[in-house]
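S.K.: Okay, here's what each chain looks like letter by letter:
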Amino acid sequence: MNNGWNDFEIGAMLRSFDGAVNDVATTLQEDRPYSKSNSFTASVADWRIEKPIFNKDYCIDCQFCWIYCPDISIISRDKKMVGVDYDHCKGCGICVEVCPTNPKSLLMFAEQEDEDKALAGWPEKEKKEN
Amino acid sequence: MADKMELRDVEVWDGNMAASQALRQVQIDVVAAYPITPSTPIVENYGNYLANGYIDGEFVMVESEHAAMSGCIGAAAAGGRVATATSSQGFALMVETLYQASGMRLPIILNVVNRALAAPLNVNGDHSDMYLGRDSGWIQFDAYNPQHAYDLNFIAFRVAEDHEIRLPAMVHQDGFLTSHTAQGVKTMDDDTAYNFVGEFKPMNDMLDLDHPVTHGVQTEEDWHFEHKARQHNDLMTKVFPKIEAAFDAFEKMTGRRYNIVETYKTEDADAVVVCMGTSVETAYEVADELRADGKKVGVIGIRVVRPWPHAQIAEALKGIKAIGALDRSSPNGTFGMLYNELAGTVVNSGEVKVLTNYVYGLGGRDLTKVHLREIYAELLANAEAGKPTTPLQQLIGVRGPKISFH
Numbered sequence: 001m002n003n004g005w006n007d008f009e010i011g012a013m014l015r016s017f018d019g020a021v022n023d024v025a026t027t028l029q030e031d032r033p034y035s036k037s038n039s040f041t042a043s044v045a046d047w048r049i050e051k052p053i054f055n056k057d058y059c060i061d062c063q064f065c066w067i068y069c070p071d072i073s074i075i076s077r078d079k080k081m082v083g084v085d086y087d088h089c090k091g092c093g094i095c096v097e098v099c100p101t102n103p104k105s106l107l108m109f110a111e112q113e114d115e116d117k118a119l120a121g122w123p124e125k126e127k128k129e130n
Numbered sequence: 001m002a003d004k005m006e007l008r009d010v011e012v013w014d015g016n017m018a019a020s021q022a023l024r025q026v027q028i029d030v031v032a033a034y035p036i037t038p039s040t041p042i043v044e045n046y047g048n049y050l051a052n053g054y055i056d057g058e059f060v061m062v063e064s065e066h067a068a069m070s071g072c073i074g075a076a077a078a079g080g081r082v083a084t085a086t087s088s089q090g091f092a093l094m095v096e097t098l099y100q101a102s103g104m105r106l107p108i109i110l111n112v113v114n115r116a117l118a119a120p121l122n123v124n125g126d127h128s129d130m131y132l133g134r135d136s137g138w139i140q141f142d143a144y145n146p147q148h149a150y151d152l153n154f155i156a157f158r159v160a161e162d163h164e165i166r167l168p169a170m171v172h173q174d175g176f177l178t179s180h181t182a183q184g185v186k187t188m189d190d191d192t193a194y195n196f197v198g199e200f201k202p203m204n205d206m207l208d209l210d211h212p213v214t215h216g217v218q219t220e221e222d223w224h225f226e227h228k229a230r231q232h233n234d235l236m237t238k239v240f241p242k243i244e245a246a247f248d249a250f251e252k253m254t255g256r257r258y259n260i261v262e263t264y265k266t267e268d269a270d271a272v273v274v275c276m277g278t279s280v281e282t283a284y285e286v287a288d289e290l291r292a293d294g295k296k297v298g299v300i301g302i303r304v305v306r307p308w309p310h311a312q313i314a315e316a317l318k319g320i321k322a323i324g325a326l327d328r329s330s331p332n333g334t335f336g337m338l339y340n341e342l343a344g345t346v347v348n349s350g351e352v353k354v355l356t357n358y359v360y361g362l363g364g365r366d367l368t369k370v371h372l373r374e375i376y377a378e379l380l381a382n383a384e385a386g387k388p389t390t391p392l393q394q395l396i397g398v399r400g401p402k403i404s405f406h
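Chains as they are written, first to last, in full-length UniProt numbering: chain A, 1 to 130; chain B, 1 to 406.
Each hint should be verified, as a subset may be incorrect.
Unchecked claim - Under 7 Å between C-beta atoms, here's a sample of chain B residues computed to sit facing chain A: (1) 105; (2) 166; (3) 204; (4) 212; (5) 216; (6) 217; (7) 226; (8) 229.
Stated by the list, open to error - For lysine to aspartate or glutamate, the following EDC-like pairs were computed, each having C-alpha atoms within a straight-line distance of at most 16 Å: (9) 228/B - 9/A; (10) 90/A - 46/A; (11) 228/B - 7/A; (12) 296/B - 384/B.
Source of the hints: derived by calculation from the structure; they are not laboratory data. The beta carbon of each residue, even a glycine, is placed where N, CA and C say it ideally should be.
All chains, full assembly: derive it from the sequences and hints.
M.R.: See below:
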């Protein structure tokens, strides 16, 4: 980061990347040359009170959570769900809301909850009431 | 490529026409504007030039002055040469966005045709809107007549777009007195005028997709101060040399000389008035007449309002005994801006001077030669006495019993 007022570039502006970027759309996030001032390099994990935990067993890779996530915090590779980016997830719960499986493959747990414990106690399939 | 317009060496233009011709000649990419009296003809003329093929750029019609300046900011951040025009209430509506433009360091040119601020409603000129924008981080040039309005636009573009400056600039002219009064204006042909400003070179533009940037970021207490410090530093240290250089280059090209502080017969003067806009030229005439009577009086015209030319004014005021600061804006509860700024300059110049504040010409009220003679008479009496012989603040030309304070 810059040290003093005289080290700033002119204008209240930030560069997203270090150097030129070709074809951002097809480059994976981890391969992009994000600059230090890009918000991708900052963690906002401490904004969160609840976190979504991902259960692979029930996931059908429908990508609903990926497309609905407002913070691009659902990690998906080759159209397969991989997990949650906990550096940028703010715990809004939208992914859980849109998850269509039964039981849901994403559920909100308290921030301090242990992941293994959460997965072990995953709820059973709900029976439809007729 | 846009058509060239054939201009005579001297055209009879009012200030608005002069400003719009200057905007045409620098070939602006985007003008986003909302009409307001008395600056309406600037964008109206500009629209005509566009419709008739004399301009290549875009003209964006918006629903308010706030949107006009917002559009200009967007276009400038995208990487275009941008300008617009406004007055009074429209300027007031723009103020919120003026700070965005200067903070984002976007070289937008704003032609402000000075007009009083309501209430009561008034379309005529005073400097209330100029004063309103004085802390917005813009460079402010002041034109005294249509010729200046034309010339200063080119200088404003050249200074503002310099990559070391990158700050927006206003060119002020007096509503109706300058904007609607036609005079002979010496012109430049389209190529000469364009070449003085040169091709626009964008910096950190948003349309440079290979180098994406975020403009106008949120900084909070972490970095806000540093950004403002940088902007303040650049205004205080870098702008004057660039303006000086632009004035020099302009003189070389056209023979017309501008100075950051316009001094008139001040070398051996006992008393001067300091003023802006059309009043400066009236004061020149009165000074001439008083000089013919053997009175040692002069005039100081402020050409650059922001950044405040502290050192140049201190230099111009050397040896002068009594100063009248002529403010054309309602001070509404304090001394006028010009008085306050001059007071700071005078105190730090180390020479004790008698400084008096005259408030005049609000809402288009005329400042006549008779008024100026009265002011000079008071100032000369102050100079002789070495102290104020009259109250420090007086309202000139207002009906009813004389109003003065302190």
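S.K.: Which earlier hints turn out false for this structure, listed by number in ascending order?
M.R.: none
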